[in-house]
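Chains G and W supply the protein sequences, listed in that same order.
For this note's numbering, count along the first sequence from 1 and bump the result up by 11.
For this note's numbering, count along the second sequence from 1 and bump the result up by 11.
Worth flagging that the hints you see were computed from the coordinates, not collected in a lab.
Any given hint could turn out to be false.
If several chains are the same, the list does not tell them apart, and a pair holds so long as it fits within one copy or across any two.
[To be verified] Derived SDA-like pairs (lysine to any residue); straight-line CA-CA distance at most 25 Å:
(1) K356 to I336
(2) K172 to G203
(3) K216 to A115
(4) K213 to N125
(5) K127 to S267
(6) K356 to G327
(7) K241 to S268
(8) K337 to M12
(9) K337 to L126
(10) K120 to G203
Number of protein chains: 2
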Amino acid sequence: MNAEIIAIGSELLTPFRQDTNSLFLTDRLNTLGIEVDFKSVVGDDREHLVNAARIAFGRADVILFMGGLGPTEDDLTRECVAEALGIELRRDPGLTGDLYKWFAGRRLKMPESNLKQADVLAGAVSLPNANGTAPGQWLETEWADRKLVIALLPGPPREIKPLFDEQVMPRLRAIAPGEVIATRVLKVAMMGESACDELAAKVYKKYRDIQTTILGGAGEVQLHLRGRAKTLELAKAKVDRLADELEDALDPHLFSSAGESLEQIVGYYLDMRGVTIATAESCTGGLVAERLTAVAGSSRYFLGGVIAYSNDLKTGFVDIQPLLIKEHGAVSREIAVALAEGIRKRCGAQLGVGVTGIAGPGGGSEEKPVGLVYCALADGKKTEVVQKNFPGDRERVRWFASQQALDMVRRKLSA
Amino acid sequence: MNAEIIAIGSELLTPFRQDTNSLFLTDRLNTLGIEVDFKSVVGDDREHLVNAARIAFGRADVILFMGGLGPTEDDLTRECVAEALGIELRRDPGLTGDLYKWFAGRRLKMPESNLKQADVLAGAVSLPNANGTAPGQWLETEWADRKLVIALLPGPPREIKPLFDEQVMPRLRAIAPGEVIATRVLKVAMMGESACDELAAKVYKKYRDIQTTILGGAGEVQLHLRGRAKTLELAKAKVDRLADELEDALDPHLFSSAGESLEQIVGYYLDMRGVTIATAESCTGGLVAERLTAVAGSSRYFLGGVIAYSNDLKTGFVDIQPLLIKEHGAVSREIAVALAEGIRKRCGAQLGVGVTGIAGPGGGSEEKPVGLVYCALADGKKTEVVQKNFPGDRERVRWFASQQALDMVRRKLSA
């Protein structure tokens with residue numbers, strides 16, 4: 012059983028806006044064992060939409076239409092799907108009443124054009140929309156001797172998501188094929204994509220029935236695992252077996268085996284071990300603190316931090332001797348160490364993080380090029396420091412540096 | 012003249028990865044007056060891809076295929092487009108030589124399968140790829156008595172972008188229709204989408220030939236303007252006239268009239284006026300400093316900042332009297348003011364920013380609910396403070412708060 016997702020709306024054909032709902036819908040369809048074979052985007056154009064619908068009816072079993080269910084003349088999904096199927100639209104008296112009530116409740120006069128939102132494909136079930144005026148529709152029908160399942164869904168994410176989970180998923184589950192798909196995401200820090208694949212391939216190549224996809228990013232590689240079986244329990248068990256082996260093969264680089272972010276994992280360890288932390292940043296400009304505090308509950312372990320951009324403040328905030336900066340330069344192993352040790356002491360934290368570097372585009376030299384970063388971690392006994400030359404632009408260097416700093420904390424705590 | 016963009020790759024049909032190149036391609040095509048009418052995503056499947064190509068040939072004049080140009084057996088774009096057109100692939104001796112050279116230069120033996128990267132559609136021009144081994148292709152042909160332009164492009168963003176700009180754009184420009192499209196993006200801070208539209212609609216409704224799209228986000232509304240004319244100069248002039256009137260109508264909420272981010276605009280004002288700034292944050296956890304320092308050259312005006320998460324550090328970092336916290340609570344108008352004034356003094360900056368609030372999900376009360384935020388801005392004479400109740404989750408509240416703080420700086424400096 013395969014699916015096509017059709018996103019409707021001329022704004023989705025501009026450089027400014029993109030369909031993102033289809034990722035959510037794909038995830039849900041996959042858990043039921045339904046593969047998405049095609050995704051299409053069409054504008055608010057009658058002929059284009061009717062033709063796109065007919066193409067989809069000819070190549071997919073489940074067709075999800077998103078958007079174009081509003082009351083304006085640009086909202087053509089209902090009438091175009093009816094035309095493509097060669098069936099009628101019927102105005103539903105119950106939905107008509109609901110619309111009148113909705114407007115009356117807000118003391119507004121309903122524009123006549125809104126009534127088209129009460130039009131339902133002949134034979135379809137209307138799906139109430141708790142977060143908007145446009146209801147969805149569900150239709151099981153035949154087309155050219157094939158069984159088709161068609162759903163019309165609202166476009167806004169906060170409308171489509173609850174509607175799909177509550178009303179479409181149970182209906183799809185009842186007709187889905189015998190097999191379901193389980194997925195799992197593993198994440199690895201500070202390792203190249205090919206180095207990661209070299210370790211991982213030895214393992215996942217043995218599991219031919221599990222699809223493994225490797226996606227590289229800045230300071231992070233993700234492994235996406237997908238496995239099929241008769242039940243979700245069996246599919247999960249298959250995927251988990253591979254994940255367990257991969258965890259061993261990728262230790263100690265692997266930081267997450269259920270999709271968590273690096274800052275969530277670091278927060279988890281800090282919280283569990285009752286360890287407090289403080290940060291002193293230069294080139295990352297607050298990014299390490301921002302990521303640590305993005306996690307709910309981080310006030311339990313994150314005490315505070317400083318961004319010591321100017322040399323004076325490196326002295327003022329964390330008591331770094333001006334002579335030390337003069338001797339080694341603000342971007343140096345020594346200053347990273349002093350930032351980490353200084354902020355640890357200043358905040359009374361158990362761990363102190365220090366980051367200094369050259370994010371670019373300016374400020375680099377032959378001796379200290381753009382991308383040079385020092386990260387230090389102090390625990391009161393010894394202070395580790397790592398030197399890196401990160402590639403890429405300012406944003407990428409800063410991200411890499413924050414990833415490096417957080418990963419040093421993770422490795423220390425997970426050891 | 013219309014276009015279809017076809018993204019090829021099974022990974023684009025999973026919940027994990029999405030085509031983003033099409034936004035870039037749409038922008039470029041639009042500047043030549045070519046509208047994108049369809050976007051499609053197809054997996055690495057021979058039958059699906061041949062059919063998708065034929066559908067595109069029947070409904071678009073310019074068809075851009077992205078991805079599937081690599082050397083593996085999953086890379087089917089070349090052969091499927093040839094099959095759909097009913098033409099041959101020819102192995103190009105020059106490209107074959109290039110491939111051998113590329114591998115020899117890296118002291119690697121070339122796998123036989125790589126030779127398929129030298130296969131070119133009969134009649135097509137090969138487009139060298141400076142950032143990868145897979146060249147693109149450009150073909151002008153006829154299909155069912157219609158002229159078609161077909162380009163095969165590599166999938167990775169850092170390969171497709173330079174290749175498209177340097178080699179495809181000049182060729183498209185030579186055959187593009189007489190009209191081109193100019194675009195412009197205006198941005199407004201801390202104003203709701205409908206309030207913004209109410210002010211803007213009075214203006215843009217007079218300009219019927221310019222398409223205006225309003226997109227709302229957290230603490231920011233964007234207005235996208237698109238106008239057509241015979242030349243880019245004329246199209247720009249039309250769009251600029253509307254933009255000028257909108258700037259007046261949306262003053263002082265409008266902060267950017269050429270797409271810049273709020274932190275870029277704030278940095279521009281600080282730099283131009285030679286004003287220095289420092290930040291003291293609680294609930295935003297470093298986000299305000301991180302955004303300020305994301306701008307290249309920010310070390311000229313950003314001196315430093317603190318994240319005073321614990322109450323002790325509010326005292327330690329910016330000398331807030333413990334009694335003041337006891338009296339008003341850490342989330343209060345008084346503490347925001349004390350943070351702004353304290354950090355200003357501590358860093359010797361001309362402006363000091365203070366932010367305190369409850370980002371959630373925990374920590375809220377009836378009196379001080381999640382989303383309550385105080386932002387203060389001190390200049391040594393007087394200190395402004397704003398109280399807000401932001402909606403949404405932790406991430407959204409923090410973003411809103413940083414947006415509010417940066418917008419206060421912008422308004423002060425642009426006055």
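Is it within, between, both or neither when you check K241 against S268 at 25 Å Cα-Cα?
-> within (24 Å within a copy, 56 Å between copies)
Have a look at K213 and N125 and pick one of within, between, both or neither, based on CA distance no larger than 25 Å.
-> Intra 59 Å, inter 23 Å, cutoff 25 Å: inter-copy only.
Up to 25 Å between alpha-carbons, please classify K337 paired with M12: within, between, both or neither.
-> neither (69 Å within a copy, 63 Å between copies)
For the identical chains here, do K172 and G203 meet the 25 Å Cα criterion within one copy, between copies, both, or neither?
-> Between copies only: 23 Å across, 35 Å inside.
Alpha-carbon proximity context of K120 and G203, limit 25 Å | between (60 Å within a copy, 22 Å between copies)
Same-copy or cross-copy closeness of K356 to G327 [CA-CA at most 25 Å] = both (14 Å within a copy, 12 Å between copies)
How would you label the pair K127, S267 (within, between, both, or neither) given a Cα cut-off of 25 Å?
-> neither (48 Å within a copy, 38 Å between copies)
For the identical chains here, do K356 and I336 meet the 25 Å Cα criterion within one copy, between copies, both, or neither?
-> both (19 Å within a copy, 23 Å between copies)
Please work out whether the CA atoms of K216 and A115 approach to 25 Å or closer within one copy, between two copies, in both situations, or in neither?
-> For K216 and A115, neither the intra-copy (62 Å) nor the inter-copy (29 Å) Cα distance is at most 25 Å.
State whether the alpha carbon distance between K337 and L126 is at most 25 Å within one copy, between copies, both, or neither.
-> The answer is neither: 74 Å in one copy and 57 Å across copies each exceed 25 Å.
Hints 3, 5, 8, 9, counting from the list given before, are not met by this structure.
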